[in-house]
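So the protein sequences, as listed, match chains F and V.
Residues in the first sequence are numbered consecutively from 0, following numbering that gives the first Met the number 0.
Residues in the second sequence are numbered consecutively from 0, following numbering that gives the first Met the number 0.
Worth flagging that the hints you see were computed from the coordinates, not collected in a lab.
For clarity, every value in this text was computed on a predicted model and none was experimentally measured.
Where hints are given, some of them may not hold.
Simulated coverage check for chain F against chain V, where a stretch passes if three residues somewhere in it have a Cβ under 8 Å from a Cβ of chain V [unchecked claim]:
hint : stretch
1    : 13-21
2    : 116-126
3    : 136-145
4    : 162-171
5    : 175-181
6    : 214-221
Built from N, CA and C at the ideal position, the CB exists for glycine as well.
These are the residues of each chain, in order.
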Amino acid sequence: MKKILVPVKMVLDANARPRVRADETGIDLSGMRMSINPFCEIAVEEALRLKEAGQAEEVVIVSIGPAKAQDTLRQALAMGADRALLIQTDETVEPLAVAKLLHAVVMDEPPDLVILGKQAIDDDCNQTGQMLAALLGWPQATFASAIRAEEGRLLVTREIDAGLQTLSLPLPAIVTTDLRLNEPRHCALPNIMKARKKPLTIRMPADYGVDVRRRLKVLAVRPPSGRKPGIKVATASELVGDLRAAGLV
Amino acid sequence: MTILLIADHDNRVLSDATGRALTALCAMDDAVHILVAGHRAGPVAESAARLCGAGRIILADDAAFAHGLAEPLAALVVSLAGDYRAIAAPATSGGKDVLPRVAALLDVMQVSDVVRIVSPDTFERPIYAGNAVAVVQSTDEKKLLTIRTSAFAAAGTIDAAVPIEEVRAPHGVWLARFEGETLSSRDRPDLASARVVVSGGRALGSAEKFQDVLGPLAERLHAAIGASRAAVDAGYAPNDLQVGQTGKVVAPDLYIALGISGAIQHLAGMKDSKIIVAINKDEDAPIFQVADYGIVGDLFEIVPELEKALG
Ligand SMILES: Cc1cc2nc3c(=O)[nH]c(=O)nc-3n(C[C@H](O)[C@H](O)[C@H](O)COP(=O)(O)OP(=O)(O)OC[C@H]3O[C@@H](n4cnc5c(N)ncnc54)[C@H](O)[C@@H]3O)c2cc1C
Ligand SMILES: Nc1ncnc2c1ncn2[C@@H]1O[C@H](COP(=O)(O)O)[C@@H](O)[C@H]1O
């Protein structure tokens, strides 16, 4: 493989508690800690491992998001990626439009493999990789927990509802990552310094002629309905008594 | 105009997820056709034909569909898409894999994980691991939806089956090739539809202890077994038992969490259970904030007591 492309999204940190805006227009991200989407971090790690194993020559990172997403790209560069591209916009870009922009990037580059996260932990859509595969007419292996490159094909083990499934894909191909694919490395300080000098290009959605207007109108964003406070019971027999009374056991 | 629902099955049995998705779609006041794409999947089509609310079954039987791979299935669905006003699938691993592929081919923005149908174009879906619920209105002509099945009841069955119409698989060259699978044993009730779920976390300490502690209790309660991500990552339980934002979403009548702290990503997969019981030795564990009944203590002592009390 010559090139692997890894799309990464900047999201609210997985450990932060999202605050729903009182006017129901969305989540208030002001002053909140933003991070690389955990599944995207796994995707970067996997691309780097393929490169380090001599299976790929270059790892290119791309993100669609605000200027601040440069931090996310720099993090991927510090992990070891070679260069990065930011398609800068302050608008929310939906998976279909993200897939169209990525399609255009693939046409420019073109990579032999695109590894995406299976899901962005903010919108929880789980769509972009599959959509990109459709637009390109490429094979897809979603929810990967193991990847092996072999004689120009890719063997991918997938986490499915009933267990595990293995697919063999010719290249070029699309893979989306699940949690158990790998454990991403920590970045050493010298690498963070070095990453500042790696190439990072900035473009606009308009440069690709892609219409990024939303197809889904968000009418309201509300907190979930809460649960009533429960009780602590002292013993197992007390618990069983209560569950019996409720007809549950 | 009608709705097309893509059935979830293993060529032998129609999954409960399909009937739950059907219940959701019946709220859209339209006839629902169910597509069974499989290999020697006749019996699945016959079960689908007896689901209450199904208007017609479309059976596409071909070796290309034997393993539910996205490329041939998406091509099939696109070839049938014509007049359907909405195309839906349960949000199972199969539905999540194929439907976005269909959506992009039709140039439609999909609505994932629908938990409520407000009107034929407006849907509620959880975002941020269920920390918020978004109400979204689709402006696309066709609606593409995955349905979060834990939010809907299973459809009933009827005696008189609706017609089964056979269609041919579209021609094409499919690039991804099936190599094999390792399926989990089926000796416990299915996690996604069980009335009772007993889940274990990192506290279980090993695969042996996980099985020794959860197995008998689950047996006694006719329960499915679930696990936290930490327990799956550590190899105590197989991946298909993970409950949470990125695993399975369940809403049983009774959910018992043993040695699970209650991280938001875990809560995302179980906080809509009717009754939640938590056993944890840390009285400040966040799981107690959603638990109806909590016991603070060592699960290795309390679970045997629990079994004794159950008799
Ligand atoms: C992107 C992302 C996605 C994720 N998706 C999921 C998901 O889908 N599902 C999921 O579960 N997690 C998910 N997680 C992980 C989640 O954040 C937590 O790390 C995980 O749920 C913790 O599992 P746990 O509760 O078993 O372990 P811990 O948090 O370590 O909790 C163990 C608990 O056991 C208690 N304990 C210890 N010993 C005993 C004893 N003898 N008796 C009683 N109690 C005891 C402790 O007090 C503690 O509360 C995700 C994380 C990320 C970043
Ligand atoms: N704005 C974005 N920029 C770059 N990659 C993205 C973006 N949105 C989604 N992706 C990729 O698509 C994956 C799945 O996202 P989603 O379909 O939104 O759940 C993510 O893990 C990323 O790899």
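Tested hints:
Under the rule that three or more residues need a Cβ within less than 8 Å of chain V, the assignment of the stretch 13-21 of chain F holds, with 4 such residues. Three residues within the 8 Å Cβ limit are the bar, and the stretch 116-126 of chain F against chain V gives 9, so the coverage statement holds. Evaluation of the coverage hint for the stretch 136-145 of chain F: fulfilled, as 7 residues show C-beta separations to chain V shorter than 8 Å, against a requirement of three. For the stretch 162-171 of chain F, the stated coverage by chain V holds: 8 residues have a C-beta nearer than 8 Å to a C-beta of that chain, and at least 3 were required.
Given a C-beta distance limit of less than 8 Å, the hint that chain V covers the stretch 175-181 of chain F holds, as 3 residues qualify and 3 suffice. For the stretch 214-221 of chain F, the stated coverage by chain V holds: 8 residues have a C-beta nearer than 8 Å to a C-beta of that chain, and at least 3 were required.
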